[in-house]
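*Asks:* Given the coordinates of chain A, work out where chain B should sit on it, guided by the hints.
2 protein chains.
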Amino acid sequence: MKSSQKINHFKKLLGEEKVDGILISSVFNITHLTSYANFSSEEREAYLLITEKSRYIFTDGRYAEAVKKQIPDFELILSKGENTFLKNLEALIKKHNIKSLGVDENDLRVSEHKKIKTISKSLKHIDLGEIRSIKASGEIKLIETACKLGDEVFTYIIRNVLKKGITEKEVASEIEMFLKKRGSEISFKPIVAFGANSSVPHHESGNKKLEKGFVLLDLGAKFENYCSDMTRTVFWGKADKKQKKIYKIVKEAQEKAVSEINSKILRSTQNDNKKILANEADKAAREYIIKEGFETIPHSLGHGIGLEVHEHPFLSPKSKDILKEGMVFSIEPGIYIPDFGGVRIEDLFVFEKTGLRRLTKSDNSLIELR
Amino acid sequence: MKSSQKINHFKKLLGEEKVDGILISSVFNITHLTSYANFSSEEREAYLLITEKSRYIFTDGRYAEAVKKQIPDFELILSKGENTFLKNLEALIKKHNIKSLGVDENDLRVSEHKKIKTISKSLKHIDLGEIRSIKASGEIKLIETACKLGDEVFTYIIRNVLKKGITEKEVASEIEMFLKKRGSEISFKPIVAFGANSSVPHHESGNKKLEKGFVLLDLGAKFENYCSDMTRTVFWGKADKKQKKIYKIVKEAQEKAVSEINSKILRSTQNDNKKILANEADKAAREYIIKEGFETIPHSLGHGIGLEVHEHPFLSPKSKDILKEGMVFSIEPGIYIPDFGGVRIEDLFVFEKTGLRRLTKSDNSLIELR
Numbered sequence: 001m002k003s004s005q006k007i008n009h010f011k012k013l014l015g016e017e018k019v020d021g022i023l024i025s026s027v028f029n030i031t032h033l034t035s036y037a038n039f040s041s042e043e044r045e046a047y048l049l050i051t052e053k054s055r056y057i058f059t060d061g062r063y064a065e066a067v068k069k070q071i072p073d074f075e076l077i078l079s080k081g082e083n084t085f086l087k088n089l090e091a092l093i094k095k096h097n098i099k100s101l102g103v104d105e106n107d108l109r110v111s112e113h114k115k116i117k118t119i120s121k122s123l124k125h126i127d128l129g130e131i132r133s134i135k136a137s138g139e140i141k142l143i144e145t146a147c148k149l150g151d152e153v154f155t156y157i158i159r160n161v162l163k164k165g166i167t168e169k170e171v172a173s174e175i176e177m178f179l180k181k182r183g184s185e186i187s188f189k190p191i192v193a194f195g196a197n198s199s200v201p202h203h204e205s206g207n208k209k210l211e212k213g214f215v216l217l218d219l220g221a222k223f224e225n226y227c228s229d230m231t232r233t234v235f236w237g238k239a240d241k242k243q244k245k246i247y248k249i250v251k252e253a254q255e256k257a258v259s260e261i262n263s264k265i266l267r268s269t270q271n272d273n274k275k276i277l278a279n280e281a282d283k284a285a286r287e288y289i290i291k292e293g294f295e296t297i298p299h300s301l302g303h304g305i306g307l308e309v310h311e312h313p314f315l316s317p318k319s320k321d322i323l324k325e326g327m328v329f330s331i332e333p334g335i336y337i338p339d340f341g342g343v344r345i346e347d348l349f350v351f352e353k354t355g356l357r358r359l360t361k362s363d364n365s366l367i368e369l370r
Numbered sequence: 001m002k003s004s005q006k007i008n009h010f011k012k013l014l015g016e017e018k019v020d021g022i023l024i025s026s027v028f029n030i031t032h033l034t035s036y037a038n039f040s041s042e043e044r045e046a047y048l049l050i051t052e053k054s055r056y057i058f059t060d061g062r063y064a065e066a067v068k069k070q071i072p073d074f075e076l077i078l079s080k081g082e083n084t085f086l087k088n089l090e091a092l093i094k095k096h097n098i099k100s101l102g103v104d105e106n107d108l109r110v111s112e113h114k115k116i117k118t119i120s121k122s123l124k125h126i127d128l129g130e131i132r133s134i135k136a137s138g139e140i141k142l143i144e145t146a147c148k149l150g151d152e153v154f155t156y157i158i159r160n161v162l163k164k165g166i167t168e169k170e171v172a173s174e175i176e177m178f179l180k181k182r183g184s185e186i187s188f189k190p191i192v193a194f195g196a197n198s199s200v201p202h203h204e205s206g207n208k209k210l211e212k213g214f215v216l217l218d219l220g221a222k223f224e225n226y227c228s229d230m231t232r233t234v235f236w237g238k239a240d241k242k243q244k245k246i247y248k249i250v251k252e253a254q255e256k257a258v259s260e261i262n263s264k265i266l267r268s269t270q271n272d273n274k275k276i277l278a279n280e281a282d283k284a285a286r287e288y289i290i291k292e293g294f295e296t297i298p299h300s301l302g303h304g305i306g307l308e309v310h311e312h313p314f315l316s317p318k319s320k321d322i323l324k325e326g327m328v329f330s331i332e333p334g335i336y337i338p339d340f341g342g343v344r345i346e347d348l349f350v351f352e353k354t355g356l357r358r359l360t361k362s363d364n365s366l367i368e369l370r
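Going down the list, the sequences are from chains A and B.
Just so you know, the first sequence maps onto residues 1 to 370 in the numbering used here.
Just so you know, the second sequence maps onto residues 1 to 370 in the numbering used here.
For reference, chain A alone in the conformation it holds in the complex:
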């Protein structure tokens, strides 16, 4: 989507939500609308305000020079001395006669809301969660490139890094450094879990040394702010019977979810009213694992990805999201057995007219090393 299309999307939202302006606070929504990605994701450093006729960016002197150069289509409103963000916003609310102001309810903090409430009586909570869920072809290309980097680092780790005595932490470091050298970076802290540690879905890579059995690698790269995410579980040495069985079922569970979606995509061309519910894809994989006698997946089946590693759509039992063309998401079933180990297989897919296309290309059949 071009910048102007994204802005038009917001202008349409003004009408739908019946507000005179929308205050955008999420740093990822700000990057989406401005292509500027240098604000902190952990602190409040900027807001955007979009009205029918104008768009503004609020920030402080640290970013003034950069914003002037890199975000010329938003008018810069500088917080400086007495002219705090709140004072500046109040002036614009008056100037544009904003009676009802929409706020980014999934991002704005309670304390910020309280302050803004003192200058604008009518605040409307708007869920902007889905504005980034359908990707433009340019965005998909960036995610594909990030996936390719993820594939490369996976191959590098398997071929050159895994060896007797290496620790989880060291492997996690190697993943980061490999991507750094390529001018990329990790999209999240890699999860490296050896042996029984793989039974903790979000294991914190530690000092455990490589041993016979499970090697779970969950990693992602960034390319021009877009993220990838992939999990592979391989075996150091030969997998035993139980390990092989778990692997097979997880892989089949992923295939169940993919066919569930694909068959609906094919049917939907005949009947446009057929909605493809994210929770039904989740159900297909989840029930298969339960039917095979294992515990339910202790996490969602999958999640959208883009500027954030986890964003809409969410493939979970409670999700109300509808899967649509242009969405990019993970499908990542897992079976985890405490004190034994676990298997997760995660790939990214893009929803296309004819079905899902896999973006992570690394082999996901059972790999035994040594």
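For the record, the hints were derived by calculation from the structure and aren't laboratory data.
Do not take every clue at face value.
Any copy will do: because identical chains look the same in the list, a pair fits if it lies in one copy or spans two.
Unchecked claim - Dumping the calculated DSBU-like pairs for lysine-lysine here, alpha-carbon to alpha-carbon at most 30 Å:
# : residue 1 : residue 2
1 : 353       : 69
2 : 275       : 164
3 : 148       : 208
4 : 99        : 318
5 : 53        : 242
6 : 251       : 68
7 : 275       : 87
8 : 69        : 208
9 : 114       : 124
No experiment lies behind these values; they were computed from the predicted model shown.
*Replies:* Chain B alone, transformed into the frame defined by chain A:
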């Protein structure tokens, strides 16, 4: 502070705020109370609930195993299927007869507040911003170690990395990789600015190659979750007269702020009622720079640091924070001249009985390279 002391601090808060329970959502507050640092800082993955007699941690299956092992003094409440976080919280509100519930107002999102409001009529917004501002001696030691890593990487960059043709981005990468190899990591994306780029206080390191003039390096390391932060501005080649003048004034501005605080620390031993206001330290440096004929500093003079790079106390014109023994904060004046360049000198200090002690040890006098 030991874990039990931190919990007692919260129990005291229950009385002061007149609430029956406090729901803690900030991932840094969670790390502070549990010493567990593996939850994402960008997504909601856990909450804590502290009441007079109990403490709970809410999370999902991805973290269940880890939380059981690593946070044994909090009872694990698992979100699973129908038992969502909200349902679980509702049950505990009933069980403990919580009439008034405090929430972490600087962290909780508007949409979360709305949901929690449906199960607890009386929510009280609590500002937990200052609970981590006074550091225990153990925490100060960790920050000191992080500062030492920052000093080491600065020396390494100056001695081994800066050379003709290298880009800002490459230097930023080298900073990251150096720390990785030491088992540490960056506490924030390093700012590397060459030449006129140094006039942008939060410049995004790019493809500019090293040239004669300003080299601004703003970097920090992490040690056991605690952060450091330091800025040095050095010169590639000889500094000219104007550059030298700016450097001198920035350095003197830092000294003004330090003596402002130190002289008050000395006086306060005679008169315990004397409060040391963070905004007065800011004023001392800021007014000195203006008096010398330059623009006011386009950012705060400094900030507290600990689990987060920026936390209370804030040394800014509007700050109401009071500086106290045990606080660790930066003092970082700067002068920035668009299209010419800028100088910032940032050091971390700990507030001790006898005055400020500098934790970042790198030389901060004018350094000319080559």
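*Asks:* Now, for every hint given, state plainly whether the structure supports it.
*Replies:* Status of the hints after comparison with the structure:
When the C-alpha separation of residue 353 and residue 69 is checked against a cutoff of 30 Å, the pair qualifies neither within a copy, at 39 Å, nor between copies, at 46 Å. Proximity of residue 275 and residue 164 under a CA criterion of 30 Å is satisfied in neither setting, with 50 Å inside one chain copy and 59 Å between copies. Taking the shortest alpha-carbon separations for residue 148 and residue 208, both the intra-copy value of 28 Å and the inter-copy value of 27 Å come in at or below 30 Å. When the C-alpha separation of residue 99 and residue 318 is checked against a cutoff of 30 Å, the pair qualifies only between copies, where the shortest distance is 29 Å, while the shortest distance within a copy is 35 Å.
Taking the closest pair of Cα atoms, residue 53 and residue 242 never come within 30 Å of each other, the shortest separation being 63 Å inside a single copy and 44 Å across copies. Taking the closest pair of Cα atoms, residue 251 and residue 68 come within 30 Å of each other only across two copies (29 Å); inside a single copy the shortest separation is 50 Å, beyond that limit. When the C-alpha separation of residue 275 and residue 87 is checked against a cutoff of 30 Å, the pair qualifies only between copies, where the shortest distance is 29 Å, while the shortest distance within a copy is 46 Å. With identical chains, the CA atoms of residue 69 and residue 208 are at most 30 Å apart between copies only, with a shortest distance of 16 Å across copies and 48 Å within one.
Taking the closest pair of Cα atoms, residue 114 and residue 124 come within 30 Å of each other both inside a single copy (13 Å) and across two copies (12 Å).
Violated hints, listed in ascending order, are 1, 2 and 5; each of the other numbered hints is respected by the structure.
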